[in-house]
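So for the sequence shown, my numbering puts the first residue at 1; every next one is plus one.
Source of the hints: derived by calculation from the structure; they are not laboratory data. Note that the structure is a prediction, hence the values are computed from the model and not measured. All residues carry an ideal CB built from backbone N, CA and C; glycine is no exception. Certain hints may be false.
[What the hints assert, rightly or not] For lysine to aspartate or glutamate, the following EDC-like pairs were computed, each having C-alpha atoms within a straight-line distance of at most 20 Å:
1. K18 / D108
2. K112 / D102
3. K18 / D69
4. K101 / D20
5. K116 / D69
6. K101 / E118
[Stated by the list, open to error] Listed next, with one range per pair, are the computed distances between beta-carbon atoms:
7. T65 / A2: 15 to 23 Å
8. D69 / L16: 36 to 44 Å
9. P10 / T65: 48 to 56 Å
10. P19 / I41: 22 to 30 Å
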Amino acid sequence: MAKLEKKGRPLPADYLNKPDLWPESAFFFDAFFRLSPSRSIGMGEGRIPFEAIDRFAIRSGIATTHEFDRFERMIRAMDDEFLERRKPKGKDDIGGAVSIKDGAAIRDLLTKIAEKMEGPADS
Numbered sequence: 001m002a003k004l005e006k007k008g009r010p011l012p013a014d015y016l017n018k019p020d021l022w023p024e025s026a027f028f029f030d031a032f033f034r035l036s037p038s039r040s041i042g043m044g045e046g047r048i049p050f051e052a053i054d055r056f057a058i059r060s061g062i063a064t065t066h067e068f069d070r071f072e073r074m075i076r077a078m079d080d081e082f083l084e085r086r087k088p089k090g091k092d093d094i095g096g097a098v099s100i101k102d103g104a105a106i107r108d109l110l111t112k113i114a115e116k117m118e119g120p121a122d123s
């Protein structure tokens with residue numbers, strides 16, 4: 001980005017309109033991206049296995065049942081949304097993945113995940 005600024009070129013709109021992330025969401029995004037490769041892809045893309053989520057939680061120091069339940073709910077919500085967006089919508093569609101450069105799509109994705117996460121209040 002510094003090179004663009006030095007040359008007097010405008011910064012990309014997606015860079016300037018990055019979604020606001022909650023500070024604690026970085027842990028969940030990191031966990032999701034680390035866990036994603038553990039999914040099965042035999043007859044189609046599967047969900048992240050419980051065992052992988054459990055093992056990641058243990059290694060990350062998630063100790064209480066309450067903390068684990070919250071962690072698993074967040075990873076499941078992210079995974080469900082990821083898989084939903086990857087489903088082909090028609091014969092010419094190869095999947096609805098969101099580009100990391102698409103700030104508006106990321107914002108929509110985070111909003112959907114937040115809506116799915118609404119449930120029993122965490123105390």
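To see whether the hints hold, each was checked on the structure:
no. : hint                  : result
1   : K18 / D108            : 12 Å, holds
2   : K112 / D102           : 16 Å, holds
3   : K18 / D69             : 29 Å, violated
4   : K101 / D20            : 14 Å, holds
5   : K116 / D69            : 14 Å, holds
6   : K101 / E118           : 27 Å, violated
7   : T65 / A2: 15 to 23 Å  : 47 Å, violated
8   : D69 / L16: 36 to 44 Å : 37 Å, holds
9   : P10 / T65: 48 to 56 Å : 50 Å, holds
10  : P19 / I41: 22 to 30 Å : 28 Å, holds
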